[in-house]
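Colleague: Each chain is listed here by its residues.
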Amino acid sequence: MSFAVERGERVAIVGPNGAGKTTLLLLMAALKEPSAGNVLIDGEKISPKSGSAVRHKIGILFQDPDDQIFMPTVEEDIAFGPTNLNLDSNEIDRRIKEAIIATGLQGYEKRAPHHLSIGEKKRVAIAGVLSMRPKTMLLDEPTSGLDPKGKEDIMKILDGVGETMVLVTHDVDLALDFSDRTILLKRRVIFDGSPLKLFENESLIESAGLVQPKVTKIVTILKEKGLLDSGDRPKSIDELRLLLRNR
Amino acid sequence: MKHENIDEFASGSPLLKIDPRTKLVALIVFLIVAAFAVDREATLCLGAVSIILAAVSKIPVKHIIRNLLFALPFIIAVSLGALIVGDIIIAIFVSIRIAASVLTAVIFASTTPVFEQIRALQYFRVPTVITSMLLFTYRFIFVFIDELERMKLARVSRSMNMQGGTLLSRRVFKTIGQTLGMLFIRVNERAKRVFFSLRARGYTGKAVTRRRLAFGIADISYAIFMSISIFIIMSIQLGVIL
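In order, the protein sequences belong to chains A and B.
Quick note on the working numbering: the first sequence kicks off at 1 and runs consecutively.
Quick note on the working numbering: the second sequence kicks off at 248 and runs consecutively.
What the hints contain is simulated information worked out from the structure, not anything from laboratory work.
Only a predicted model underlies this, so the values are computations on that prediction, with no experimental measurement involved.
We put the CB at the ideal spot given by N, CA and C, even for glycine.
Treat the hints loosely; a few may be bogus.
Here are the in silico distance ranges between beta carbons for each label pair [stated by the list, open to error]:
#: 1; chain 1: B; residue 1: I275; chain 2: A; residue 2: R7; range: 51 to 57 Å
#: 2; chain 1: B; residue 1: L460; chain 2: A; residue 2: S144; range: 38 to 44 Å
#: 3; chain 1: B; residue 1: R397; chain 2: A; residue 2: I190; range: 30 to 36 Å
#: 4; chain 1: A; residue 1: S47; chain 2: B; residue 2: A438; range: 20 to 26 Å
#: 5; chain 1: B; residue 1: T451; chain 2: A; residue 2: E109; range: 24 to 30 Å
Within a straight-line C-alpha distance of at most 20 Å, the following computed PhoX-like cross-link-like pairs (lysine-lysine) qualify [claimed, not checked]:
#: 6; chain 1: A; residue 1: K110; chain 2: A; residue 2: K97
#: 7; chain 1: A; residue 1: K32; chain 2: A; residue 2: K57
#: 8; chain 1: A; residue 1: K32; chain 2: B; residue 2: K439
#: 9; chain 1: B; residue 1: K453; chain 2: A; residue 2: K49
#: 10; chain 1: B; residue 1: K264; chain 2: A; residue 2: K49
#: 11; chain 1: A; residue 1: K110; chain 2: B; residue 2: K264
#: 12; chain 1: A; residue 1: K156; chain 2: A; residue 2: K135
So here's chain B without its partners, still in its complex pose (with noise of 0.2 Å):
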């Protein structure tokens, strides 16, 4: 079965020579900036950073886009809570804050290979756990959708289809149920197998790479650009222009 591959647009990107630790600080900084800048020639300033980020970046539009629309449900939601206790204008630029901060949470995501944004992780010293299973779910949620897809064409195989039953209808229930207990068998025995051939392969615990985190040229001129990004919208937000 052919996937989309997540790290499709990493490879392609100026971004990509950034060390992966440099965009994560930028990210968790502009975020935060994010949260606290309401001022709305701030808000402007963020929305424009996150669409200089995102020309930079050379993500198709559509790629992004598709990404915006899975954090729609929660703009609207948002939105609507601001549009009740305040008026149009504040919807509308808390909605710009919020799509600035998926927008630019997008681009760190597109442009950095999951395992690369794992090891800034374990640079920063998350927990070994925490970055052992992102990089288990990255590399075998395909394989959980194949087998998932293997089970379904099995079930529709016997004539068993949903079509017409509602979450309510208790056969639906049911085979979901099932599934996804299946599933869960399913998947822990692979991940006994998957244990044993990484033990077999001398793993201890911590996944390890070749490939060297360095700072170079490219990393200085981001942390540059951001770090006057977040300075001038800091300034705004505060008064001391503008």
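Here chain A stands alone, though its shape is the one from the complex (with noise of 0.2 Å):
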């Protein structure tokens, strides 16, 4: 496969359990060694031994936030990456104080992340990323295990953190909402393109083992029914209530 990502772009790559859409990212983000080919980061070669070069670049939100903190309290956790890439004191406090802001995590300081609910604990992990400055944010299935609450909430914050993000998800719904660009994946990229394009094009979805996002359902029914024009594509429920309701 091979595929480009351009600075500022929300890239959400799609595809069944067991497409190998975490590995990809493991590969994007320099932690696995490619059998065959190349990952360029800014027309540079990328692997394994690139060291903390490539750490300033991409920052890697995992599934489990269980696998990514490491320290003892919040704090520590978040400092743990600046520490790594051996930065002054001072930065590293402003660092840790922006994170803890970008993630709502004032107060959380002094507490130890493994007793945290799930949803604290990927604010965790998401400061613990932000706080390295990455350039391009890989997130791996961000919401997974979440309540629609927290999905929501951890969502609003990813929002505002990345200049370049690429998502990995089975969540179409998600998928959809927030990208740009959308690659479905199934061992081989089998589309690039519009999210709004590839979500239309239920068998192409369906013979990829993944189903139609719930809006893109209801806007085809909502079309049937003449509630719709043709050229409307709203990506979410929020605009979709928008447009019925400037209707």
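Relying on the hints, combine the two individually framed chains into one complex.
Modeller: This is the structure in structure tokens:
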């Protein structure tokens, strides 16, 4: 497979279980060596041997925060990455403060991460990545295991943090809402383009073992009933609600 | 799932202020002295020092007793041995020596956050592979307990319970074996993921922290107290005093 992610893009990589989404993310984060081919960042080849240079560029949020949170307190965990990057103490303090504010973790600084709820752990994990100030954020199923409110909160946090973001998920609703470009993966790239275009193609989606997003299904029904125009293409329930309200 | 906080009593103890390196050195010297101080008066002094430390540490008595109970089978076994080769008085004093040693170790462990203990070990050049293993064990023990608990629930939910069976029962033995095998696989998978996530945040094999270890007045006071105590115990043992 071959594809490029441009600066400032929001790309969702979707595919069924076992499609290779997480492996692809590990390759992109220079945590795994590709058996063939190359991964390039800013035109430079990267690999697990690239060292700390690549860590400034790429941050990865893992699916299970328990895999990611390591230190005995929230504050120390957020400082873990910048400390490994040998940044000076003032800079680390500044980054911790910023990450705590961005993730709404004020008051959690001295708490032990392994005693937090899953939603709180996710926020700690995000703060840990943010403190490294990566130019590109790779997100592996960031909302898995969260209740609807927790999911919304996490996506709100992520919405305001990254310049370039690559999301890996099999949550088609999330992919449609989040991305401006979607890649459908099933061991190889079988679609690369607009999320609306992908999710409106029911046969392609089904052939990849996925289902259409709820909002796409509702829009189809509303169009059949004549309640929406053929050009109306909302990406989320909120957009659909706004569209219907304005009619 | 809720778990016990290993560092629960560390934060409220006055002994937390003492540098973990000072405490570790004092503990090791105390244990060595306890191994050699067989004199009865010296043994009583050992007991007294450990009780003073326990009182200063402000650790709840219940917590101390619960931890001492773990050492009880060992104390009983050694005391029985002493009883066989000696008499009841020897057995009692042997028990006091072991209890004092365990109590001092419990105080060290309870008043020093695990991460600080590991940093002290790192300072004394304990191989990274050992300190890393301790660190990972500390961090992931609850995660593994959760995994084991989930596996147990899955087993029970499918009507598999081991009530009425013994370890010698083939069914129970097989189930335990399968559970351990499955746990090993899951732990191995998690270890890979943890390794990737650590690498992603710049980890190169040594856990670094921003907290600076530093000696202060509390360390000097503690070192003086322990030195005087050990000096008195050794003087008694060597017959210099009493």
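Colleague: Against the 20 Å threshold, does the CA-CA distance of K32 of chain A and K439 of chain B hold or violate the hint?
Modeller: 11 Å, holds
Colleague: Is it true that the CA of K32 of chain A sits at most 20 Å from the CA of K57 of chain A?
Modeller: Status holds; Cα separation ~16 Å.
Colleague: Holds or violated: the 30 to 36 Å window for the beta-carbon distance between R397 of chain B and I190 of chain A?
Modeller: 35 Å, holds
Colleague: Would you say the C-beta atoms of L460 of chain B and S144 of chain A sit inside 38 to 44 Å of each other?
Modeller: Hint holds: Cβ distance 39 Å, inside 38 to 44 Å.
Colleague: For the pair we were handed, K264 of chain B and K49 of chain A, check the Cα-Cα distance against 20 Å.
Modeller: 41 Å, violated
Colleague: Would you check the hint for K156 of chain A and K135 of chain A, treating anything up to 20 Å between C-alpha atoms as holding?
Modeller: Answer holds: K156 of chain A to K135 of chain A is near 18 Å, not above 20 Å.
Colleague: Looking only at beta-carbon atoms, does the pair T451 of chain B, E109 of chain A fall within the given range of 24 to 30 Å?
Modeller: Since the Cβ atoms of T451 of chain B and E109 of chain A sit about 26 Å apart, the hinted range of 24 to 30 Å holds.
Colleague: Is it true that the CA of K453 of chain B sits at most 20 Å from the CA of K49 of chain A?
Modeller: 17 Å, holds
Colleague: Are the Cα atoms of K110 of chain A and K264 of chain B separated by 20 Å or less?
Modeller: 17 Å, holds
Colleague: Using the C-beta atoms of S47 of chain A and A438 of chain B, is the stated range 20 to 26 Å upheld?
Modeller: 22 Å, holds
Colleague: Would you say the C-beta atoms of I275 of chain B and R7 of chain A sit inside 51 to 57 Å of each other?
Modeller: Holds, since I275 of chain B and R7 of chain A (Cβ atoms, about 56 Å apart) stay within the stated range.
Colleague: Please verify whether K110 of chain A and K97 of chain A have alpha carbons no more than 20 Å apart.
Modeller: Holds, at about 13 Å.
Figure legend: structure checked against the earlier numbered hints; the only hint not met is number 10.
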